[in-house]
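Student: Chains L and A, in that order, are what the protein sequence lines are. Under the numbering used here, the residue at position 402 of the first sequence is numbered 402, and the numbers go up by one with no gaps. Under the numbering used here, the residue at position 147 of the second sequence is numbered 147, and the numbers go up by one with no gaps.
Some hints could be false.
Which copy? The list can't say, so a pair holds if one copy fits it or any two copies do.
As the list claims (entries may be wrong) - As a list, the in silico SDA-like pairs of lysine to any residue whose alpha-carbon atoms are at most 20 Å apart:
hint	residue 1	residue 2
1	Lys-422	Ser-185
2	Lys-422	Ala-322
3	Lys-422	Arg-147
4	Lys-171	Leu-127
5	Lys-427	Ser-185
Derived by calculation from the structure, the hints in this document are not laboratory data.
Protein chains: 2
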Amino acid sequence: VRAADAGPYAPATLAVAREIQERALAGSGAFDFVESLTVRVGPRMAGTPAARAGHDWAMARFKELGLANVRVEPFTVEGWERGLESAAILSPAPQHLHVTALGYSVATPADGVTGAIARFDTLDDLLSAPDGSLEGKIAFVDKKMARLQDGGGYGQAVVARGRGPSEAARKGALALLIRSIGTDSHRFPHTGTTRYSPDVAAIPAAALSNPDADQLNRLLALGGPVTVRLTLASQAMGPLSDANVMGEIRGRELPEEIVVIAAHLDSWDLGTGALDDGAGVGIVLAAARILKSLPQPPRRTIRFILFGAEELGLVGARAYAAARAGGPSGSKERHQIGTEADFGAGPVITFNADVRPEARPVIDAIGRALSPLGIVPGRGPSSGGPDIGPLATAFGMATAGLGLDGTDYFDYHHTADDTLDKVDPRKLDQSVAAFASFAWLAAESPVGFSPVERTRE
Amino acid sequence: VRAADAGPYAPATLAVAREIQERALAGSGAFDFVESLTVRVGPRMAGTPAARAGHDWAMARFKELGLANVRVEPFTVEGWERGLESAAILSPAPQHLHVTALGYSVATPADGVTGAIARFDTLDDLLSAPDGSLEGKIAFVDKKMARLQDGGGYGQAVVARGRGPSEAARKGALALLIRSIGTDSHRFPHTGTTRYSPDVAAIPAAALSNPDADQLNRLLALGGPVTVRLTLASQAMGPLSDANVMGEIRGRELPEEIVVIAAHLDSWDLGTGALDDGAGVGIVLAAARILKSLPQPPRRTIRFILFGAEELGLVGARAYAAARAGGPSGSKERHQIGTEADFGAGPVITFNADVRPEARPVIDAIGRALSPLGIVPGRGPSSGGPDIGPLATAFGMATAGLGLDGTDYFDYHHTADDTLDKVDPRKLDQSVAAFASFAWLAAESPVGFSPVERTRE
Ligand SMILES: [Zn+2]
Ligand SMILES: [Zn+2]
Ligand SMILES: [Zn+2]
Ligand SMILES: [Zn+2]
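Extracted from the complex, chain L is given alone in its bound form:
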C-alpha cells in the first residue's frame, strides 16, 4: 500500500502542493474577485461595452498580480441583443408567462406571434410530427431536465434549445417555446444559444420558466386549445469586437510548454454572471495569485486565460485556437494540458484527465494529491471544460477535469437569478485549492501530457 505513495513527484514538490491548498483554504480571496467583477462590471454580454469593461477589469487584475505577457487578444463575434420580451396565455385563462429569448433568436413582429400550442414531450417527438402539422401553431417542447450532481441532465435537454427552432420551422411552426433547461421551480426562464439551420426560415424561439411550463401543461390538460402570444424584440447586432484576456507565469525550465487554467469572462445579460462564470474567473485569479507567490516558478508556463464570448458559441476559444493552430511557425509553444472552471462555485468533487498513456501515473499522483480536499476520481476522460475543447482539438492538448459540484448549478444557470448571493466563499476557496495545486503539479510534471490521439470531437 505504501508503494502507492511512491510516485513521479519529489516530496518537496508535493509539499508545495499541500502548502498551496492550505493557503487557499485559509482564504483565497476568490470571492472578492467575483464580487468585484459582478459589481463593477455587472452583466457582460460578448461584444458590448460591458464586455470591454470586463477586459479592462481583467487586465488590471492580471497586472496587479504581476503576471507576465498580460494581453488582450481581440476577435470578432456576431453580436445579439435581447430587447423586450413577453408572452401571455390569451385563452382559456389569460395570464402572463415568464419567457426569455434563446440567444440569437430572431424577433417577432412588434405585435407578437399568436397561435395555439402544439406540445411535445421531447424534440424527437416533434421530429415525428407530420410535415406541415404545425402550421399556424406555436410548438412547445416540454423536456424536463434531470438534477444530477455532474450536470449529466443537461445534454439530453439542451438539444431542444439548439435544434428545436429549425426543426419546428420545418413542420410549419410560427415559433418555438421550450421548457427551460434548468432544475429550479422558480419563474426564471433560462436562456442559452440556439442555432438556426440555413435551409429553413428562422422562427422566434424562447424558453419558459419551469413553473410556466407546468402551468401551460395544466391548461392543455383541460382539453381545449391554448392560445399564446409571444413577443420578442431581439436583434442581431452584426460583427462586434470582443477579446480573450490572459497572463502567465513563465516556466523556469520549459517555458514553451503551456498549462492552461481557464474560465470565461463573458456572461449572459440576464443575471450578473456570478456562477457562470464569475466564479470561474475568481478561481483562476485567486489560483494565479497563490502560484505567483511561490518561492520559485514551476517548470512549465502556466497560462491563465479568460475567454470571451463563450456563451455565444466558444467564439473566443475558437479564435485562440485558430490563431495558433498551424499558425506563425515562429512560436515553439506546445499546449500540454488545460482545464477550465465553468460549472459554478464549487466545491471540486472529482478529478479526471485525458492524457497520453505515458502520463497516466502523473495523473494518478495528482489525484492522490487532491484527495485531501475530498476529491475522488471522476468517471471516464474529461473534456476539460467548454473552452478547452477547441484547444484540445487544435493542439492535441491533454485535458483535465476538476469536476465541480453542480447539484444546484442549473437552478441559476443562464437566468436573472445568477447573482453573487448564490456564491459560497468557502466552497470557492476549496475550488481554488484544487485548481491551483493541480496547476502546480501539472506544470512540475516530469513527463509531458500531450499530444493526445483523439477521434475528432
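Assemble the complex: chain L is given as a structure, and chain A with the ligands must be docked to it using the hints.
Tutor: For chain A with the ligands alone, kept in the frame of chain L given last:
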C-alpha cells in the same frame, strides 16, 4: 389531569371533530381547489375581468357543495393597473434592476425618472433626513425583513411600503425604492399597496428584489454616486366593480349566530396567487365540503366568505362590515366569531382567540381538540386574519387565529413566484383539518363568543 378533559363539549361532539380531522387528513381535496382556481382563473386582481371569472368560479364551487344562501355581494374598488416597469443602474456600472411598482403607485414619465440614490436603513432614518435633502434624488429604504415562523418580521418592514412614498416626497425625492418586504434571495420584487398622504405630491414607488437591493448596496459602497433610472407605466383605473362571494351551512338551533370562515379570492397580478390566497380559498372550500357532509348541521350557522379586493386594502371586508353594521334592522344576525386562512398553505401550528371571558373555557377545549394535529396555543389574542379585522371592529365579533407556519411564506408573498408548485397538498390537508374542526366546535359551542370589548384597532 383527567379533569382537564372534562369540558364544555359532549363526547359525541368531540368525536365529530376527530372524524372531521381524520377525513381531512386522508385527503381533503383542498389542493384541487387551489389548482382549479389558479389554472382556470389565474391571477385575479380586484376589479378586473379575471376577478369576475373568480367570482363565477367561486359561485359554481359553493353551489356544487350544496351550500345555502350562495351569493355575490358587489362593492366598488379603486382599480389600478401595473403596466410595464423597469429600472436600471446607469452608473457607475450599467445593469438592470428587478423592480415592481407598489400597488397604487403613480407612473413615471414615459422616459422614467433618473436620480442619484439616497439610501436609508429604515423609514425612521429617512424621516430624520433634513427637509429638501432628497431634491432630485431617488430615496432607497433598505430595511431587511426578518424570517420568523409567525410572520413577525412583516410589520417592522412594511411601514416603509405604506408611508415611505409620501415621506420621501416630503423631503423632495423624485421617487422611492424600497427593499422588498420578503425573505428570499431571488430576483423577484414583492409588491403590495402603498398609501399616499393627500397633503404631498404622489411620487412613483417600487420595490427592488433582495439581490438587487444587495447589489445596489455594493455599488453604493464603492463611494461614488449611483444613478438609477426607474420607469413605471402604472395607472389608476377609477372605481371598478368587485365582490365578495359567500355561502353557508345554516345552523340547526341558532341560525342567526354566525361563525365566519374566510379567505380572500383576489390576488396580485404578478403570480397566480396560489399561496396568497388560493391556499386559503382551498382550505375554506374543502372545510365546507366536509362540514356540509356531516349527518347534522351544527347549532350555529357557518358562513364561508371569500372576500374580494383584500390586496387593495381590505375593501371587500370593509364593504361587508359597512353593509351590516348598524344596517337594516330587519336582520337579527349576530357574528359570533371569525377566522381567515391567509398565510399560505400550512400546516396550522398555533391556535389562539380573542373572545369574551365567558367563552375562554370553550376556546381551551377547542385548543385541546386541535392538539392531535400538532397545534399548540399561540401567544396573546389573535386578530383572526386581515379581512376579519373590519368585522371584529364593526360587530364586536370574537376572533380566532389558526396560525399557519409562515417560515417560507414571505419567500413568495406578492411575487411572480407565488405559483402552485409552492403548495404542498399534505400540509394543506392538515390546515383543512384544523379549520373545519374549529368551525364545527365553534358552531357547537354551548356559549357565545361575542361581543368582545376592544380598544379600537
Ligand atoms: Zn459558462
Ligand atoms: Zn453559460
Ligand atoms: Zn393575502
Ligand atoms: Zn397579499
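Student: Against this structure, judge whether each hint is valid.
Tutor: Checked hints:
1. Lys-422 <-> Ser-185: both (16 Å within a copy, 9 Å between copies)
2. Lys-422 <-> Ala-322: So Lys-422 and Ala-322 fail the 20 Å test inside a copy (35 Å) and across (49 Å) alike.
3. Lys-422 <-> Arg-147: both (17 Å within a copy, 18 Å between copies)
4. Lys-171 <-> Leu-127: Intra 8 Å, inter 62 Å, cutoff 20 Å: intra-copy only.
5. Lys-427 <-> Ser-185: between (24 Å within a copy, 19 Å between copies)
This entry does not satisfy hint 2, going by the numbered hints stated previously; all others are met.
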